[in-house]
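Undergrad: As a plain string of letters, each chain reads:
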Amino acid sequence: MEDQIKKVSIIISKGGLDGVYPGLIMANGARMEGIEANLFFTFFGMDAITKKRMGKIKIATVGNPGMHMPSLAGILPGFSAFATSMMMKTMDKIDIPPVPEYIEMAADAGCKLYACKATVDMFKLKKEDFCPQVDSIINVGKFYEIAAGGHIIFT
Amino acid sequence: MPQRLFGTATIDVDADGFMTDFAQWTREVAAAIAKEEGIVELTPAHWKVIEFMHKEFKENGQVPSIRKLNKSGVVTTKELYDLFPGGPAKKAAKIAGMKKPEGCV
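If you're matching them up, the sequences are chains A and B in order.
Sequential numbering of the first sequence, starting at 285, is according to this note's numbering.
Sequential numbering of the second sequence, starting at 139, is according to this note's numbering.
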């Protein structure tokens, strides 16, 4: 089929579980279909590949209209952790892995992972701060070079 | 329902070429489907994956996900992509005579 998608480059720019999961699912799902996939992490999306943060990503319970609850309830101590743990349990049941395992799975599936240079400079991060699956730190020009000939998805 | 002829075996398939009647599955049919999917020869490593998928399906009624396969110790994710290039979950299920995987992971 000529109209098949052959390559996607997905930008993950938002933090929090609802910020990082869609991009991960789309990138890994692309590899499952034999589509070449690149993941570019920028701004708070970078938490997903930062060693000390990737295992602690939570769902925002304040200012998140998708939570279907008043923001005031969301400010209760531990509420975000509770909501996150409930959600992770459900996801595990339908075989969606936690973020660190998902990153590993996507990388093993042949997905290439990149960190955004501007964000690295802004947050004063180093290559060592990232999980080993991260290929390199690249600027936006290099991203376009890598993404050339494929589709770009911004999340 | 569409049918396919592999050697002397006639099998029922769905619109995407996945078998709809597991009773018609044989190792020869599997090898023929594999060839169509670009896998020239099914090696012992391929068979290990196929057998695990059959076992899982018998026990849970579900085609196992890549994650489950990885966790089973039968095959790592990397090996799975090497064994079934260009879409391991789908290709392995097709060769194993199972329905198309429905999950997103």
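Any given hint could be a false lead.
Stretch-level coverage of chain A by chain B, calculated; a stretch enters the list once three of its residues show a Cβ under 8 Å from a Cβ in chain B [unchecked claim]:
#: 1; region: 315-329
#: 2; region: 342-348
#: 3; region: 371-381
In silico lysine-lysine, BS3-like type, Cα no more than 27 Å apart, as pairs [said to hold, decoys possible]:
#: 4; chain 1: A; residue 1: Lys290; chain 2: B; residue 2: Lys229
#: 5; chain 1: A; residue 1: Lys291; chain 2: B; residue 2: Lys238
#: 6; chain 1: A; residue 1: Lys335; chain 2: B; residue 2: Lys216
#: 7; chain 1: B; residue 1: Lys238; chain 2: A; residue 2: Lys336
#: 8; chain 1: A; residue 1: Lys396; chain 2: B; residue 2: Lys196
#: 9; chain 1: A; residue 1: Lys342; chain 2: A; residue 2: Lys298
#: 10; chain 1: B; residue 1: Lys209; chain 2: A; residue 2: Lys336
#: 11; chain 1: B; residue 1: Lys209; chain 2: B; residue 2: Lys228
Everything labelled a hint here was simulated from the structure, so no lab data went into it.
In this text, a Cβ means the ideal position worked out from N, Cα and C, and glycines have one as well.
Undergrad: If a hint holds in the structure, say so; if it doesn't, say that too.
TA: Checked hints:
no., hint, in the structure
1, 315-329, "holds (count 4)"
2, 342-348, "violated (count 0)"
3, 371-381, "holds (count 4)"
4, A:Lys290 / B:Lys229, "holds (17 Å)"
5, A:Lys291 / B:Lys238, "holds (22 Å)"
6, A:Lys335 / B:Lys216, "holds (22 Å)"
7, B:Lys238 / A:Lys336, "violated (38 Å)"
8, A:Lys396 / B:Lys196, "violated (35 Å)"
9, A:Lys342 / A:Lys298, "holds (12 Å)"
10, B:Lys209 / A:Lys336, "holds (24 Å)"
11, B:Lys209 / B:Lys228, "holds (18 Å)"
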